[in-house]
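Chemist: Chain residues, written in single-letter form:
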Amino acid sequence: MHPTYTKYYYPYVSPLDPCQPITKKSYSTPPNLYMGFQPPNLPQFNTAKEALYRGTLWPALYDDYPNKDYRGDQK
Amino acid sequence: MWYYEKKLQYPVKVRECNPRLAKYLIEQYGGADGELSAALRYLNQRYTIPGKVIGLLNDIGTEEFAHLEMIATMIYKLTKDATPEMLEEAGLAPHYVNHDSALFYHNSAGNPWTAEYIQAKGDPIADIYEDIAAEEKARATYQWIINMSDDPELNDSLKFLREREIVHSQRFREAAEILKDDRDKKIIF
Chain A
1 MHPTYTKYYY
11 PYVSPLDPCQ
21 PITKKSYSTP
31 PNLYMGFQPP
41 NLPQFNTAKE
51 ALYRGTLWPA
61 LYDDYPNKDY
71 RGDQK
Chain B
1 MWYYEKKLQY
11 PVKVRECNPR
21 LAKYLIEQYG
31 GADGELSAAL
41 RYLNQRYTIP
51 GKVIGLLNDI
61 GTEEFAHLEM
71 IATMIYKLTK
81 DATPEMLEEA
91 GLAPHYVNHD
101 SALFYHNSAG
111 NPWTAEYIQA
121 KGDPIADIYE
131 DIAAEEKARA
141 TYQWIINMSD
151 DPELNDSLKF
161 LREREIVHSQ
171 RFREAAEILK
181 DDRDKKIIF
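Protein chains in written order, with the working numbering: chain A, 1 to 75; chain B, 1 to 189.
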């Protein structure tokens, strides 16, 4: 199965927490954690420009880091 | 030796004069997990590691200098026309007193860079595992800076640098596999 690159956990919320609690917190688990030794002949981005823009030749190693609002942390 | 290409690895565009962001970015310039530490760590470890992974340390160490240059450009652009009052407001008064708006190798808390940030244990496994940890820590630092920055064009360059940390970590993990592997030995059980 395809792994996800963002994981979530639900920290303990105390009734005495001074700030508004974050009930769901995210953290990054980028693709390199799952790849092991990179297999040969992985598909590459279509153009050199796109690969340069992304920072890697291979979509399999690319991890977008969306803005905090879109990552799924919840108040 | 090195050949120098007079351009940045990835374009750096900064939308607004924001000295406060420069204060955070300096962490990646002269901080423990910053690009200077990374470059010097890898290039120094090259000499005492098995030949199969020297080239990797050489290439990644070199690329870290390209990243250092991008960070320097960002910091420079973010502060170059800031008045002393603006720097003071951004918490950079101590920096201004000591350096004007010159860049300096210290972290965002103002502690000067020290060689104690980097290690060379001489043990290949220990050194490569430190390198993997350094890449993941640098990736995390980029995430925390992106989280605090609302400049989309700057974040674009920071995301590129974050992705490079992922690729470097992958390569160091492969180096660890190479170092522990028996695959080229004929083992008869």
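Simulated from the structure, these hints should not be mistaken for lab results.
Don't take each hint at face value.
Unchecked claim - A few chain A residues facing chain B, derived, Cβ under 10 Å: (1) GLN38; (2) PRO40; (3) LEU57.
Stated by the list, open to error - Calculated from the model, a selection of chain B residues having no Cβ within reach of chain A, i.e. all distances over 12 Å: (4) GLY61; (5) GLU88; (6) TYR142; (7) PRO152; (8) LEU161; (9) HIS168; (10) SER169.
The structure presented is a predicted model; accordingly, all values stated were derived computationally and were not measured.
Note that beta-carbon positions come from the ideal geometry of N, C-alpha and C, so glycine has one too.
Chemist: Hints broken by the structure, by number, lowest first?
Modeler: Violated: hints 2, 6, 7, 8, 9 and 10.
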